[in-house]
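Chemist: Here is how the chains run, residue by residue.
Number of protein chains: 4
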Amino acid sequence: MFEKVLKDPVHDEILFDDPLLWALVNTPAVQRLRRIRQLGTSYMTYHGAEHTRFAHSLGAYETMRRVLVHLERECGWPSDPRTRRLALAAALLHDLGHGPFSHTFESILGVHHERWTHRIMLEDDALRQVLDTVDSDFAKDLVSILQKDGRFLAIEALVSSQLDVDRMDYMLRDALSTGVSYGRFELARLIRSLTVQDERVYVKRQSLHTVEQYLLARYFMYVQVYLHPVTVGSDVLVENILRRAKHLLADGVAIEIPEALLPVLTGSEVSVASYLRLDESVLLYAFHQWSTSSDQILSDLADRFLTRRLFAPIVRDGASVSEWAALRTMAKAMGFSPDYYVTERVSTIPGYEVLGQGLTLLNDFGECSDLSQVSKLIRTLVPSQEHRLFLPKEMLESDNEPLSNRVHSIVFSRL
Amino acid sequence: MFEKVLKDPVHDEILFDDPLLWALVNTPAVQRLRRIRQLGTSYMTYHGAEHTRFAHSLGAYETMRRVLVHLERECGWPSDPRTRRLALAAALLHDLGHGPFSHTFESILGVHHERWTHRIMLEDDALRQVLDTVDSDFAKDLVSILQKDGRFLAIEALVSSQLDVDRMDYMLRDALSTGVSYGRFELARLIRSLTVQDERVYVKRQSLHTVEQYLLARYFMYVQVYLHPVTVGSDVLVENILRRAKHLLADGVAIEIPEALLPVLTGSEVSVASYLRLDESVLLYAFHQWSTSSDQILSDLADRFLTRRLFAPIVRDGASVSEWAALRTMAKAMGFSPDYYVTERVSTIPGYEVLGQGLTLLNDFGECSDLSQVSKLIRTLVPSQEHRLFLPKEMLESDNEPLSNRVHSIVFSRL
Amino acid sequence: MFEKVLKDPVHDEILFDDPLLWALVNTPAVQRLRRIRQLGTSYMTYHGAEHTRFAHSLGAYETMRRVLVHLERECGWPSDPRTRRLALAAALLHDLGHGPFSHTFESILGVHHERWTHRIMLEDDALRQVLDTVDSDFAKDLVSILQKDGRFLAIEALVSSQLDVDRMDYMLRDALSTGVSYGRFELARLIRSLTVQDERVYVKRQSLHTVEQYLLARYFMYVQVYLHPVTVGSDVLVENILRRAKHLLADGVAIEIPEALLPVLTGSEVSVASYLRLDESVLLYAFHQWSTSSDQILSDLADRFLTRRLFAPIVRDGASVSEWAALRTMAKAMGFSPDYYVTERVSTIPGYEVLGQGLTLLNDFGECSDLSQVSKLIRTLVPSQEHRLFLPKEMLESDNEPLSNRVHSIVFSRL
Amino acid sequence: MFEKVLKDPVHDEILFDDPLLWALVNTPAVQRLRRIRQLGTSYMTYHGAEHTRFAHSLGAYETMRRVLVHLERECGWPSDPRTRRLALAAALLHDLGHGPFSHTFESILGVHHERWTHRIMLEDDALRQVLDTVDSDFAKDLVSILQKDGRFLAIEALVSSQLDVDRMDYMLRDALSTGVSYGRFELARLIRSLTVQDERVYVKRQSLHTVEQYLLARYFMYVQVYLHPVTVGSDVLVENILRRAKHLLADGVAIEIPEALLPVLTGSEVSVASYLRLDESVLLYAFHQWSTSSDQILSDLADRFLTRRLFAPIVRDGASVSEWAALRTMAKAMGFSPDYYVTERVSTIPGYEVLGQGLTLLNDFGECSDLSQVSKLIRTLVPSQEHRLFLPKEMLESDNEPLSNRVHSIVFSRL
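Chains as they are written, first to last, in UniProt numbering: chain A, 1 to 415; chain B, 1 to 415; chain C, 1 to 415; chain D, 1 to 415.
Just chain A, with the same shape it has in the complex (with noise of 0.2 Å):
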């Protein structure tokens, strides 16, 4: 009998039956994610918040897992060994391209995460030894399912939906590790809800108020964690570095550049072996070399993200285009050049989403409702936009009164 255990604060244990995905986990590309955090800049804000990708994804393949115990149960599926390996490894790995500081680091590199998850399970050779080990088709099926491509339906909805082992676990992981409470929902009896037929997943009528509840954790969990203001502060901080650095090489000025760095920076060819050296220690040694750059706005953002002086947010509401370019001229005359210290950011909380990937639930006689036509609740998630401002805190901390009057006080009681 394999059986490896490892012991997780979200799950309890994490059970491995099968020696494909154990050799799957001790892969470099899969423990270069121990050196990537799950939630970004997020710690800035709540200091709990230091969970790694690695843990997250080992979270969403147990998660699948007990998906698999009850769908098996519930309704023979998956009825091939073949394709319960599919779904675990797709749990397991779908995280692999993540860089740095993610969803900041993509707009900077201009390619999303998601790319370099296919590429390197296509590319990446300790990887493609182990997954070849099964057939020679494994890998490229994989990519297909993150692709959703349509032709594993069931386990393209289990990985990536708005029901899936992804959010599941990262919603209770993220609520335990900042110590909010918003991201709970009933686990055990939302797994419990779902079924299989002809390929497709469904929920189970009787269970609307378990997908309800999970719904707004979501919801909740952007409002108060994911959008806080001070972490989008902390993002747009390490953009603007990124962003003076790359300005810099674009300039011909010399800095001090980490190796795995440097391609990202010029805009040259990435290759695989040299964005898995990617990870936040390369990109915090980097602002640790750039705060004593002799470049003084790239030795002051990085410091001020290293001694977390960070930038404070103000809502954009009512700020009309003249204050726009008021505020910038301020900045000018503290010393602040606007290009990097005055910074519109505009943040989506999603909603519920219909078209084409709607929750469908299934009630006892085998009819089937959108849960948007079931739930006034759920009809009420539309998507949102929250605009801000951000500037030095110092700038708020002058007398420009009408300024300060927009601030939210909750940004100050964290910052």
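Read the hints as simulated data drawn from the structure, not as lab findings. Just to be clear, a hint being listed does not mean it is correct.
Put simply, identical chains are the same to the list, so a pair is met inside one copy or across any two.
Below 30 Å or equal to it, Euclidean Cα-Cα: the simulated DSS-like pairs (lysine-lysine) are [what the hints assert, rightly or not]:
#1 K204 <-> K4
#2 K393 <-> K4
#3 K204 <-> K393
#4 K393 <-> K332
#5 K376 <-> K204
#6 K332 <-> K246
Use these hints to put chains B, C and D onto chain A, whose structure you have.
Modeler: For chains B, C and D alone, coordinates are given in the frame of chain A:
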């Protein structure tokens, strides 16, 4: 009213009601602790153990705050605000001097982290500036407390003894992060068990079992978490990497090396400013660089750490001197330099210590007794040692049968 | 220093620091609440729901104590010790008048439990003796608070409103005991969201999402726990048993009956002393006696309750008047008296109420708005009703196909 | 697929996948356990301890189910469905024979609850009808298991030994309900530590510390919860009430008495049907009746219980025979009959037992050893006794100074 509240996974909320303490949190020296893990390499064993010394420092502060709320009601101690501030600041700052992968680093540096804590308190400008706002002796008094000079007996005991806010916080935090239940105890009741008389801290006799539970929790954390063979093996690996780099530098071999690390490895004088630039991102970055070094030992060891191909332990119990020599010979035959690939390590599980530092129980009639006089369970907690040898896993997988017989099976469940 | 500490599964510790409150806990009227479950017949659905009104009363007291600790720091309210005592005593005593299987019992008795709470406060000697130690108006002022006379506005709101210590405690306690996660919310943060100005309670605008989470938790508790069809069916059974006994007594049929229950069922005047002898042990004992009664309806109904052969619900949605008549006929044909075996019940899921009792948000600039103006989610929380018919399970198991089609599948998972 | 799921505060979900087990849950004999608390009078000390033997029986069943899931994977045991059913049914039904306030009741009745469990299994029609659907020996085999006849060694050990599903569930459940953390241990890991070879249950050597933690948790539960002096004092009160009623009946004094209780108190033959009508509602109702009895001792004792004016303990350590006589004299002088108001009670804290029933560790090489050989901590767990005298609190509040000196202060924090 000044109030800053931080959400915390262990204490739910951490409350700052004194601007001084909040200003201390925001110094670069304290913020640096965000980049140093509380449990060193334990995250290689327990993937949840990513929590930082920063989070723990906040938690030790909050525990002290609650202890003081209790003691003020219980016995009117402390009676003056300066003593309160000393106690809170000492709790918050007690870990300032930790370096990356702390205990391992100390052995290379040859200096205890406590020494660095004292130096940073006295010499770091930004920190000193805040401390001096109280009075010019405040920093010195803090150092005096941490040195246990005996001038502030009660605070000294609350900050560092067998029942202090440091341990109360880290046991709960380590238990939560790793996911084990071993470290849990009744915090609120333990806090209420404390009383201060004539500047000495006592434990109420009626709380005997609460203290027993706490001390046994500590024992279990040592055997299950702190001295887990995979963790000790990871420490050995870090230490051997640093030893190799140091050796190469001493031999005049040119290796890439982060600037902040250079004086440490060459044995030069290390300034406070330079020390404060050291954190785990710097060390991990060095490992990245070294993993492509032309020195094969250095590059192999660094790569092992980054890809988690750790050393495996064998129990040393019966191993005679001749067997020890045989293992070194075997290593050499397999191409492993014995100096870096066969390492002995003795780990000490601390016991309950009576001499000079026992816990004193106080009964309702004012009579004192040492905890160990009253509790049979506590008397079993005497220090013990684990002798282990660490080797590349490959050596165990060869057909050296008598060797693999002595390997803990638990180890393999993690490797 | 006066200090009594009780261990509590919800709040960890409940602290009494005022001998008056402790003396109140030890009155027979409060101790009687140990014999009345908080959730009535919910334990038939959730086997963990055995927690008592006594435990909840202690929890409401502790929640109030924490609210007052916060408000004293926040805004210096309450400023005098008598107001503090009023608030704490009102929280502790607010449920005094509950009878066994409370809401069901009320409908038989024809008197609201609140009326009994007031009478007990004013008329019970042992309780009055303690209350009068404060002053001779203390008991009357407590009644005034519970009646919401408007003389103690802030306390009234904290004891009974849409955001009061009563609900804060019971939602957490009910969630813990049943094992569902739906009722959880951020208690500490919710408490800190409160402020008092000019004797009115406000919620800080920045805590919007905390209040949303709390109100949604309440919604989920209603749909998942409080109005669970199995629980409502158990209530119907208790009510029908009592109705049958009352009917027999009115008809002059001699049945065994506990003395304390006699005036209730005969409609005679009930004294406070007699009311205080009523608890769930008395009712259950009556059911025991009645289960061997010679009246077949009474004995069958009582035996059903004791052996948990409950009524099953069918959703009433589409049922026309003719169908309703058909069901009564069908019951009769199977030997079930329709008056006691076919019962309609309308349950109301409360919504957020604005008129006269909404929650007022207060922003940093002193501007007020009703919660429903700001939150789209809260606006969906309008009252709704569930119409259900309850029948013996045997009726559903017959081959009456169209009937069983309308049965909630969730019901069968519990029955 | 048969599936019934119950929500549980300890195990989250309890799963029934075999209709036989579900049918057993729905027998009157099992449903009766809803009216008997798991911890007897502990709710007088810990107000949360209202959980029932019914909830615990479900929990013991669920723990057994998980143990079997593990053992089936681990070592293919049990190999046949009948053995599985025996194990699950034994776990579910092991507490059937408990009476109200169990251990106290046994001492009055003079019969162990185990005896009643066996009788109910064999003689109760409704239960027997379900059991006989398996085969006609099933009920007898269950009794054989509970009697530990040695015919089903492994099941016997899993149902009743020092490491059985009974204790695993009740320690966690008692800890949760009371709110103490002492009873917690690593359930999932403990379950995985078990293995079966040749019908014997072993504990894997590598799980040594997991078992240590579990056994120490048990020790702490005894000293902090099960033998809490307030609880023991409540037991004494219940016993003295019943003794008084029995005495009065023997003397021919007419007292009101619930019918089901009569044979028990008169020492007549008690039938199974009559026994099954006994539960805590019956006993509490009797106390209600007796609290207005004309016998002053009976009415006072019953009223004390209902209003929680409990007996207070004094430690017996040094009390000589003469002092004991003095206390009886003092009681008499204060109007208390010494036979009912001065009671000595010896409570035994069980230790780890080796003889014939120790836990056997099995290492990777197939070698066995008793747990106590390996663990110093476990060797300290030897049985010990607490001698206490219980008296009306009034006796301690008189000015008998040397007496009150020996009173546990902990007691007063609860009384």
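Chemist: Each hint should be assessed against the structure and marked as holding or not.
Modeler: Evaluated hints:
1. K204 <-> K4: between (33 Å within a copy, 15 Å between copies)
2. K393 <-> K4: Intra 49 Å, inter 17 Å, cutoff 30 Å: inter-copy only.
3. K204 <-> K393: Classified as between: cross-chain Cα gap 23 Å, same-chain 50 Å, threshold 30 Å.
4. K393 <-> K332: Within one copy only: 15 Å inside a chain, 60 Å across chains, cut-off 30 Å.
5. K376 <-> K204: The answer is both: 18 Å in one copy and 27 Å across copies each meet 30 Å.
6. K332 <-> K246: Classified as within; 22 Å inside a copy, 48 Å across copies.
Against the hints set out earlier in the document, no violation occurs for any number.
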